[in-house]
Amino acid sequence: MTAAVLDQLQEVVEARVIERKKFKVPIVFASTTVLLTLLYGLSARDGDAQFMLGSSSDFVTIPKVVVPGMTTAWITIGIMVVLTALAFVLANAYKKSPWYATVLFCVAAMFGFLAWAGAGAPAVVNVVNLISGAVALAIPLVYGALGGVIGERAGVVNIAIEAQLLMAAFTAALVATVTGSAWAGLVAAMVAGFAVAAILGLFAIKYRVNQVIVGVVTNVLVTGLTTFLFQRLLVPNQLTMNNTEPLRFSSIRIPGLSSIPVIGPILFNQTIIAYLMYVAIAAVWFALYRTRWGLRTRAVGEHPQAADTMGIKVNGTRWRAVLIAGAIVGIGGAYFTLVSNGRFNWEMTAGLGYISLAAVIFGNWDPVRAAMAGLLFGFAMNLNNILGLLHTPVPSQFLLMLPYAVTLLAVAGLVGKSRAPAADGVPYVKE
Amino acid sequence: MKRATKLAAIAGAAALLLSACGQAPPEDGASPTANDTAAAGGGTAVEGFKPCIVSDGGGFNDRSFNQSGLEGLQQAAGSLGVDYIQVQSASDTDFAPNIQNLLDQGCTFIVTIGFQLADATEQAAAANPDVNFAIVDNDSSAKGLDNLKSLVFNTAEAAFMAGYLSAGVSETGVVGTFGGQNFPTVSIFMDGFAQGVDHYNEVHGTSVRVVGWDREAQDGSFTGAFQANEQARQTAQTIIDQNVDILLPVGGPIYQSAMAAINDSGRDILLLGVDQDFFVTDPTTAPILLTSILKDIVVAVNDATMEAGAGNFSASTYVGTLENGGVGLAPFHDLADRVPAELSSEVDQLKADIIAGKITVESYLNQ
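These protein sequence lines are chains A and B, in that order.
All the letters of the first sequence, read from the start, carry residue numbers 1 to 431 under our numbering.
All the letters of the second sequence, read from the start, carry residue numbers 1 to 367 under our numbering.
These aren't lab readings, by the way, just hints derived from the structure by calculation.
From a predicted model like this one, the values you see are computed outputs, not experimental measurements.
Just so you know, not all the hints are guaranteed correct.
[Said to hold, decoys possible] Part of the chain A face toward chain B, derived, beta carbon under 8 Å:
no., residue
1, A136
2, T240
3, N243
4, S340
5, A350
[What the hints assert, rightly or not] Restraint-style ranges between C-beta atoms, simulated for each label pair:
no., chain 1, residue 1, chain 2, residue 2, range
6, A, P246, B, G311, 32 to 42 Å
7, B, Y364, A, L42, 27 to 37 Å
8, A, T291, B, A217, 47 to 57 Å
9, B, P97, A, F286, 37 to 47 Å
10, A, M401, B, A126, 47 to 57 Å
11, B, Y364, A, I260, 48 to 58 Å
12, A, L42, B, A126, 21 to 31 Å
13, A, R232, B, A286, 45 to 55 Å
14, B, A286, A, A283, 34 to 44 Å
[Stated by the list, open to error] Reference listing, derived: stretches of chain B covered by chain A, where coverage requires no fewer than 3 residues with Cβ under 8 Å from a Cβ of chain A:
no., region
15, 70-84
16, 237-246
17, 253-267
18, 287-296
Glycine included, C-beta positions come from ideal geometry on N, C-alpha and C.
Just chain B, with the same shape it has in the complex (with noise of 0.2 Å):
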């Protein structure tokens, strides 16, 4: 019984460590990068200065948010020369312990991804007002912290011009969305794709709908979890049936498991992607990727932490628009001539449009 209990006890260990290895590698990562870009020059940090970011539980190799806001801070602490630190989230309990430990090893300014961390850096941000804090994908303006900075999209506004162009796009007159779960960052991409497809319907005199999303109610389609498994595909698969020509899946790799869905179905139907060019990050998507809702989380990230890295950090919320350059449209690569040049100069007019403000675009970070 000893030697059992023994036994359990080292699987228990090595369960535990494996589970810490899977979601926080060492954080080595800094060194290199500084190293290389810091002989080349770049700016100048205050005296100090130490960059740190927390993940969310998608890892920083989730080709998404996570990935890009690492990448934003690489790049500024390269050209900025200094060191950082990164720390993955396991689970949403690791949010609040992760924080404490960035704050522990000295970080002056902590970039929190998702919004799921709000709650734990607006508490950090709050018990350590000398500390520099800026949350991606959440807009924390409202809790008046003067050293937490809000780095939000509207990508509504790009999502708009994605349903413009699939309106004009499918044949079928029908086209669908579905999302992991109904939360403002998810609800957006839907929600301003709806509007996009009434525009069109308005311009054209057309009667293309929309499967998956009710503005009227707010609500939709949805998976349940951020997960590429049975349930999205099935969920993909019920959009599919209602003879969607289009489909928008948002939320992490469930437009993978859509995807699958495209494919089974036999039909010509094409996939939107978001955040990041799938084109780029997944080239399996290319021959049915019609374009991607782009979100520029890393540059958002960069500039904050360059500000932040020369000592002008400010509390002003970010929010990445059409007009600068935070959101926006990918290129139609590989099936650009799916998309007939009027329709395309309509599009672009349309983006001039909004940012010259004939157009609005409803979400709620304009309401």
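So here's chain A without its partners, still in its complex pose (with noise of 0.2 Å):
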């Protein structure tokens, strides 16, 4: 067969795929606004609900908006009925639902829940701090996410992001304490993420043992000997060794685009750990996609004997792809102690790391996806807090599984097929 013939069929595969009739967006759609139809109906709210959106130190302050509740939360409802019947009506001619419609839908339905909860409460929703605090809990994730891509794309699982960020988190506050700098401790963390990253690699490309089992045993190995050092070393020495309260990065107000209405504050007041977060987000995408290093990195992933045949090292390259993963994770473990919290403690990570890498395989294997799954994931988390204000006849424990269920219900509904890098996991043996 040759080439065209090959090229023909591809397109008479591929266009057969399409044609068929998708219905999982508006059944998505679908059962979420009858679910919250039910909610709406079987708990009605009096009053009314407070949102702000800025805070009043804003360049541009934006006054108190106060809408009835339950009238707004039914209005939202409309939408989504709407919004609804296009998609099947779409569906139905065999046509996608344009993603602006998904984000109209997702934020009608937030707008909706938010006035519905926040109806009557004595409590203000402020939708700038909402979202703003949903940055600041997505940051840790977020780099634990990215480090991840870059080690799965190169073809090495990574379990221990834990371990890393749990590593880094103690460096930073171990380092920014005995320096007296917080940029010492940020530079330590990173060395710390690139150390367990050296030990991942170590048994997982040098000795080819099973990835899973060796992230798994990295992470326990960390936990005890973070807690061992914190409990005999950082307890009995705390204000020597581990007290970066007075060392924190404080966030930082970027000139012109921190004035910049709804948005501005949002994200340009955010601490140094958050712009490097930008930067690092475009940086990984553009290395990964538009660099030889990036092609060779995913080659090895995807195919290592093509690779070696075109003469890439590919054991050479996952090693530079997992070491410098494991710094990138370093910055994010750094959070915790140099912004999150004034000292080290014990399990501190709190099993961030494995959300991470649950970030990282609902953004399809792709960095500015699994940054924007981390995003989702603290939205999820910072709602859960103002939830809490509300007074809604939701039990808090319920509220505290909202992340995990809106995790679920995306990666379930509204992401695509996801496929790993075709040699993920798989140690790489010259034949």
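Hints are included, so try docking the two chains, each in its own frame, into the full complex.
In structure tokens form, the structure reads like this:
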């Protein structure tokens, strides 16, 4: 068969795939609408909901918006019904819903839900703080996910993100306190992430041990090590070794950009680690898709034999990817002790590394999408915070499940088919 | 491949070893203390009395209830002139094996710390009727075991005083609280605090609000875990955004994240401590610490151990109250000038009124 024939075949097959009616999006829309309708119908709340779109210290002060809670909720249901109907019509006509319909649907659902929850509540929903808090919550997740993406794109599964975050958080606290410089702590955190990555690389790449097992063992090792050192070293010397409270990075307002209404205070009134994150997302995307290094890294993750035949050193490339990824995750670890909290505590990462791993898969092994996944999770976590103040009839235990429920819904409903790099997790042996 | 497997095995073993070390240091604590005070005299223990203690996941140097529990046991063991054994739990799955370990070591009196150990303790107590147990922070009296003593603290009474005080000190008229998880031992602080604020409003005709706890629903703002991290900082931040100027975080180290959020806000926001006097256990809180709601676990464990050591163990529940000094309010320390003298004396009067039963503070312990 000639290449031309193959191409033709491919086109025919692709055309067929597209021609199938896909009802996934309209079904997710419909079920969300039905659920919210039931919620509003069964548990009506009186009163107005108060929203704020900024704080009084912003450049442009937006006054408080007060809307009648239930009316607003039902209006958003109306919008959602229309969008759902539209999605069904489009799907029936073999067409995909446009992405902005999904965004509009999500915004309507969220706004309606908050209007319902805030109805008659004594608390004000500050939308800007809600989203800027979500960004802050997402930061360690995004760094973890970026590291995960690089590693897995090169074919090394990194279960040890949790260990890298924890080790980096520990090292950042220790070094920053001892040297009196948060910057030194940040660099040390990157070295710590790098060091844990070296353990991972040693076993996963050099000794070809099952990568999942290596990752899990590394997590246990680092958890034990940091807890041991914390109790034996940091606790007795808290003020001299584990006190970053006076050193923590504070938020920096970027002149100009931070004066943009709504967006400004959300994105441009963050800490230096957040700004580094914006740069890191762009840089990782660029490096993976637009540079020779990225092409080679992806090649060894997809088809190491082919890459090897082309003269690319498979294991060398993987080593480099894993070590760079470790340093990136290290910055995320530093966030725990240089921004979030004024000292290290044992097991303070509390499983965020595993959620980063989920963000990698949810983001389909793409740095930008993985970062978005991290943001979604951060948003759900912060939503739980504000809902806790609104005296909703939903018990707090259910609210705490929200981030996980949202992630599950998004993965199942709105994300397309995800595909891991073909050689992900498979050690390379030269034949 | 052989070498690789070996290396992996070594790494695995090292990992397990380290995690074991991290959580359960060698139990060598006993002899020095015992020797020191045994020489000084102290009480007399029944023949073969051996007190032992198990921590929950927090570890014995948590600057909180595990540490206090151990201190109480050490004091008692010191005055009785006996050795003791301490074991730390690394995780929930360690509780039962740790208790069994202590039983195997011949312990005759076992203190377990935290309601998380309740199931393991109750089962062990039922299975070993000739060993006495005491559990801190959990009411196991409903089980009817005559070898298990519950040591609980009606911190709602002290939190009531703190709530009243905060309502008086607050300038914005909004005070806030949040917890780790909605457990009775956590929410008792939040509920008592809210009652105190309500009482202040009644007495002074003000309308100070509590953010983060809904008395009617018995629910509020929770971080979901007892970890100081971004989640806790954002929970604190969300509450601070509601114009709160006094904050009561309840649950292990989450107060540290609250402190971070307070410092970040650049506003004049005060912190309330729980369990122990933060001024003593964590001096970095001093500049913003209004007071702490105290729970005297040291004395409770010490008394229970002394009782058992003298052969007078009783399974009757100990409830720490303002009356018996089991709970209380710490001094105002550095921020004493923020509390007007009149308010200070009102709070003192409140204590007297609660003890005298003129004011009833509701909690799960007196329903």
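Verification of the supplied hints:
Contact between A136 (chain A) and chain B, as hinted, is supported at the beta carbon level, the nearest pair being about 6 Å apart and thus within 8 Å. Checking T240 (chain A) against chain B: minimum C-beta separation of about 12 Å lies over 8 Å; hint violated. Restraint check, N243 (chain A) versus chain B: the minimum CB separation of about 6 Å is within 8 Å; hint holds. Annotation: interface hint on S340 (chain A) holds; nearest CB of chain B at approximately 4 Å, less than 8 Å.
With a least beta-carbon distance of about 5 Å to chain B, the hint placing A350 (chain A) at the interface is held under the 8 Å criterion. Separation of P246 (chain A) from G311 (chain B) is about 53 Å and departs from the stated range, judged on CB atoms against 32 to 42 Å. Taken as a hint, the range 27 to 37 Å holds for the pair Y364 (chain B) and L42 (chain A), whose Cβ atoms sit roughly 29 Å apart. Checked against the hint of 47 to 57 Å, the pair T291 (chain A) and A217 (chain B) passes, with Cβ atoms roughly 55 Å apart.
About 52 Å separates the C-beta atoms of P97 (chain B) and F286 (chain A), a value inconsistent with the hinted range of 37 to 47 Å. At roughly 34 Å, the beta-carbon separation of M401 (chain A) and A126 (chain B) lies outside the given 47 to 57 Å, and the hint is violated. The hinted range of 48 to 58 Å is satisfied by Y364 (chain B) and I260 (chain A), whose Cβ atoms lie roughly 49 Å apart. Between L42 (chain A) and A126 (chain B) the Cβ separation comes to about 44 Å, which falls outside the hinted range of 21 to 31 Å.
For R232 (chain A) paired with A286 (chain B), a C-beta distance near 26 Å fails the hint of 45 to 55 Å. Evaluation of the 34 to 44 Å hint for A286 (chain B) and A283 (chain A) yields a pass: the beta carbon distance comes to about 43 Å. Restraint check on the region 70-84 of chain B versus chain A: 0 residues with Cβ-Cβ distances below 8 Å, three needed, restraint violated. Only residues whose beta carbon comes within less than 8 Å of a beta carbon in chain A count, and the region 237-246 of chain B has 5; three or more means the coverage holds.
Note: the region 253-267 of chain B has 7 residues with beta-carbon separation from chain A under 8 Å; the three-residue rule is met and the coverage holds. Check on the region 287-296 of chain B: 0 of its residues sit with their Cβ under 8 Å from a Cβ of chain A, so the three-residue criterion for coverage is violated.
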